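Q: Below, each chain spelled out in residue letters.
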Amino acid sequence: MDVMSDLWLPIVRSLGIALFPVVAVVFLIWVARKVIARMQDRLGPTNAGTPAGPDAIFQTVADAIKILTKELVIPEGADRTVFIAAPMLVTAVAVAVWAVIPLGPGEFQVVDLEIGAFYVVAMSSLAPFAMIMAGWSSRNKYAEVGAFRAVSQIIGYEIPQTLALLVPVLLTGSLSLQKIIEAQRVPYIVLAPFAALVYFLATMAEVNRLPFELAEADSEIVAGYFTEYSGMMFGSFYLAEFINNLTASVLFSILFLGGWRGPGVDAVPLLGPVWLLVKAFLVFNFLNVFWAAMPRLRIDQVLAFNWKFLVPLALLVLLTTALVDKLIVYLGYTTDGMRAVGLILANLVLGVGLVGYLYALGRRRKRAGVSVPEEFLPLLSSGSHGALRMRSADVVPLSRHNGTSGMRYSRDERGKSSTVELQANHISKGE
Amino acid sequence: MPIGQIAFLGFAVVSVIAALRVVTSRRVFHAALWLIVAFFGVAAVYMLLESPFMAAIQIFLYIGGVAVLTVIAIMVTKGVMREDRRILNRPVAAGVVSLALFVTMTWMIIQLPLPEEPVFPVVEGSLSLLGAALVDPKGYLLPFEVVSVMLLAVLVVSLYLGKER
Amino acid sequence: MLHPYAQLGIFLLIATVIGVAPIALAWLVSPKKQNPRKSQIYESGNPPFGEAWIEFKPQYYLYGLAFLAFDVEAAFLFPWALAYNKLPLFAVVEAALFIALLGVGLIYVWRKGWLTWM
Numbered sequence: 000m001d002v003m004s005d006l007w008l009p010i011v012r013s014l015g016i017a018l019f020p021v022v023a024v025v026f027l028i029w030v031a032r033k034v035i036a037r038m039q040d041r042l043g044p045t046n047a048g049t050p051a052g053p054d055a056i057f058q059t060v061a062d063a064i065k066i067l068t069k070e071l072v073i074p075e076g077a078d079r080t081v082f083i084a085a086p087m088l089v090t091a092v093a094v095a096v097w098a099v100i101p102l103g104p105g106e107f108q109v110v111d112l113e114i115g116a117f118y119v120v121a122m123s124s125l126a127p128f129a130m131i132m133a134g135w136s137s138r139n140k141y142a143e144v145g146a147f148r149a150v151s152q153i154i155g156y157e158i159p160q161t162l163a164l165l166v167p168v169l170l171t172g173s174l175s176l177q178k179i180i181e182a183q184r185v186p187y188i189v190l191a192p193f194a195a196l197v198y199f200l201a202t203m204a205e206v207n208r209l210p211f212e213l214a215e216a217d218s219e220i221v222a223g224y225f226t227e228y229s230g231m232m233f234g235s236f237y238l239a240e241f242i243n244n245l246t247a248s249v250l251f252s253i254l255f256l257g258g259w260r261g262p263g264v265d266a267v268p269l270l271g272p273v274w275l276l277v278k279a280f281l282v283f284n285f286l287n288v289f290w291a292a293m294p295r296l297r298i299d300q301v302l303a304f305n306w307k308f309l310v311p312l313a314l315l316v317l318l319t320t321a322l323v324d325k326l327i328v329y330l331g332y333t334t335d336g337m338r339a340v341g342l343i344l345a346n347l348v349l350g351v352g353l354v355g356y357l358y359a360l361g362r363r364r365k366r367a368g369v370s371v372p373e374e375f376l377p378l379l380s381s382g383s384h385g386a387l388r389m390r391s392a393d394v395v396p397l398s399r400h401n402g403t404s405g406m407r408y409s410r411d412e413r414g415k416s417s418t419v420e421l422q423a424n425h426i427s428k429g430e
Numbered sequence: 000m001p002i003g004q005i006a007f008l009g010f011a012v013v014s015v016i017a018a019l020r021v022v023t024s025r026r027v028f029h030a031a032l033w034l035i036v037a038f039f040g041v042a043a044v045y046m047l048l049e050s051p052f053m054a055a056i057q058i059f060l061y062i063g064g065v066a067v068l069t070v071i072a073i074m075v076t077k078g079v080m081r082e083d084r085r086i087l088n089r090p091v092a093a094g095v096v097s098l099a100l101f102v103t104m105t106w107m108i109i110q111l112p113l114p115e116e117p118v119f120p121v122v123e124g125s126l127s128l129l130g131a132a133l134v135d136p137k138g139y140l141l142p143f144e145v146v147s148v149m150l151l152a153v154l155v156v157s158l159y160l161g162k163e164r
Numbered sequence: 000m001l002h003p004y005a006q007l008g009i010f011l012l013i014a015t016v017i018g019v020a021p022i023a024l025a026w027l028v029s030p031k032k033q034n035p036r037k038s039q040i041y042e043s044g045n046p047p048f049g050e051a052w053i054e055f056k057p058q059y060y061l062y063g064l065a066f067l068a069f070d071v072e073a074a075f076l077f078p079w080a081l082a083y084n085k086l087p088l089f090a091v092v093e094a095a096l097f098i099a100l101l102g103v104g105l106i107y108v109w110r111k112g113w114l115t116w117m
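Residue numbers (numbering that gives the first Met the number 0), protein chains in the order written: chain E, 0 to 430; chain V, 0 to 164; chain U, 0 to 117.
Calculated from the structure, these hints are not laboratory results.
Check each hint, because a few of them may be wrong.
What the hints assert, rightly or not - Between beta-carbon pairs, the in silico distance windows are:
hint, chain 1, residue 1, chain 2, residue 2, range
1, U, L12, E, R79, 22 to 32 Å
2, E, E106, V, W106, 17 to 27 Å
3, U, A20, E, E75, 25 to 35 Å
4, V, E115, E, D111, 29 to 39 Å
5, V, T23, E, V189, 54 to 64 Å
6, E, D111, V, V145, 32 to 42 Å
7, V, Q110, E, P311, 47 to 57 Å
8, E, G350, V, A152, 30 to 40 Å
9, E, L330, U, L12, 43 to 53 Å
10, E, F26, V, V145, 21 to 31 Å
11, E, F26, V, G94, 54 to 64 Å
12, V, V96, E, F26, 29 to 39 Å
13, V, V96, U, K31, 19 to 29 Å
14, V, A72, E, D335, 23 to 33 Å
What the hints assert, rightly or not - Calculated pairs, DSS-like style, for lysine-lysine (alpha carbon to alpha carbon, straight line, at most 25 Å):
hint, chain 1, residue 1, chain 2, residue 2
15, E, K178, E, K325
16, E, K365, E, K307
17, V, K137, E, K325
18, E, K365, U, K111
19, U, K85, E, K325
20, U, K32, E, K69
As the structure is a prediction and not an experimental result, all values here were calculated from the model.
We treat Cβ as the ideally placed atom computed from N, Cα and C, and that holds for glycine.
The following block holds chain E by itself, in its conformation from the complex (with noise of 0.2 Å):
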């Protein structure tokens, strides 16, 4: 009948790309985890007596069987309908967002939507109602003091990550992420590398990432907003922050690294994809490569990055784009390698002028001394049984005005110092 030949080339397309994700999600976590273990210099999920494959490469397909065998145990008092909807919501919306995402040229997506980008972000946006009613009907306080703590992280870093997407769509004069990649002849992360910068920080905290953690923080609020939740409950939420993880990285190759654009697309569309996930996978990559290094920052830290730098910053960078590329025009060159050259150039000093900054802050930073939060004042107690062998003469009071309360440690008269790495993890009432 001719409604159902109609229908059923949509409708296999959006399985096949809904789909799409959910099961390369069970090869990424496999890579992440080899490649993070190798990186810390053990082995990862190896066979050890199970049957998981070839280095171990079933592993995830194990585990997941493992997990939807477990017991689903619900709080006592905890809102049913709202605990068991949270991450029924989280993994739908990770997987709507593949909805515009362009895998190849032409017929590679759902909907090109014009509004392609701003779906993304809408979609995006919808990220921490999921970990509120986690947090909140889990009845814990652990896991509220966890969904309140990432929320207020993800809801933050969407400004920056918005504000850097519109330099792409500055750049395209569209929204529609297929226009996008079409326009770029040259990757925009060329043309706008700052850009590029502030939208890889800005996704690495949307999707959890560490150095920016905390919402999961394994050894300091248990498991943070999902603390309560068990068996394939938990498992969703693990699924969607890797789906979430794969799209982040998928739309950065769109954004910024020219999407599905590679040698031979055009006579072979089929390398479409081929290209985007090879530029997505390296992407991913990189972010495991941080996971792998990095320690996890406080939720101060978290913060305070976002609105004292990454603000500021897309801020700058977007205002600074737009200058340069309308100036290039007026001035009369509008061929688009001459664009190119200026917009790099603009850049070039955007990075000298943010180098300086940060340079000029650092030492301004130096010459104050390290501030040490006030919970750890008692071990900085004189004579060697002070766990951290401070002298107490060179303890400074810090002064109310700044903000932060506790102690200063300052150089000696050598002139050593040393800096203290500490963390606040303190879950006291009414926090």
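For this one, chain E is given, so just place chains V and U on it according to the hints.
A: Same frame as chain E, but now just chains V and U:
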């Protein structure tokens, strides 16, 4: 009945029911969640009006911004999370006022001559037209800048009210 | 050819099913042995202390408000970015003014020290 009509009715019913649940939920948190459902319904209606941008704005600003803020406000408020508060303070008065308002609005809307075709048809590239109008001195430039001042006020005042004393 | 929004609708439906399916499957497959110890809330092994729905610091709400201000600003910048290619240089100046007004607010709040957490 064309499928667009059916879809619209469906979404409208969902929105109305959600709105009702907002005011009748026993728990404030549930009311907030129903509000989000209502917003989704409105976004779907925008889609049916062939304005995906407005639908996305609805989701991005209302759900992703206002609703999140509402939920945070609820959780930050003391004592509001207790269950089983009285759902409606004055059900009779509220019902009468709502009905009167609804009847008045319906009567006013019926008076309007509804055109058959859209007055301004959806143009290709209508978003860039919107953008151009926003920065056009003969267009909406002044409101555009005033919005910025307003946002400035919101930012400064909110952080002033909450600074550590 | 099916209308694009209908395709989007179908996709969203599929996405919802993908969201529900794992949990439904798990509910079918997993054991259900209720036990008061198991459903107790986790608090490092101790029985839970006090009412769980305590109130939180107002700072969370304020960061939310700051976020909302910038959220609206970003939403306004979207149409501008789309029309950018057709606009004169003056339009960039106007947008710069728009951003600068809010940026000044951010810098003011920052210098006053109101952006510090806790």
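Q: Next step is simple, just say for each hint if it's right about the structure.
A: We went through each hint and held it up to the structure:
no., hint, verdict
1, L12(U) with R79(E): 22 to 32 Å, "holds (24 Å)"
2, E106(E) with W106(V): 17 to 27 Å, "violated (50 Å)"
3, A20(U) with E75(E): 25 to 35 Å, "holds (27 Å)"
4, E115(V) with D111(E): 29 to 39 Å, "holds (30 Å)"
5, T23(V) with V189(E): 54 to 64 Å, "holds (56 Å)"
6, D111(E) with V145(V): 32 to 42 Å, "holds (35 Å)"
7, Q110(V) with P311(E): 47 to 57 Å, "holds (51 Å)"
8, G350(E) with A152(V): 30 to 40 Å, "holds (34 Å)"
9, L330(E) with L12(U): 43 to 53 Å, "holds (51 Å)"
10, F26(E) with V145(V): 21 to 31 Å, "violated (52 Å)"
11, F26(E) with G94(V): 54 to 64 Å, "holds (57 Å)"
12, V96(V) with F26(E): 29 to 39 Å, "violated (59 Å)"
13, V96(V) with K31(U): 19 to 29 Å, "violated (48 Å)"
14, A72(V) with D335(E): 23 to 33 Å, "violated (49 Å)"
15, K178(E) with K325(E), "holds (20 Å)"
16, K365(E) with K307(E), "holds (18 Å)"
17, K137(V) with K325(E), "holds (21 Å)"
18, K365(E) with K111(U), "holds (22 Å)"
19, K85(U) with K325(E), "holds (10 Å)"
20, K32(U) with K69(E), "holds (11 Å)"
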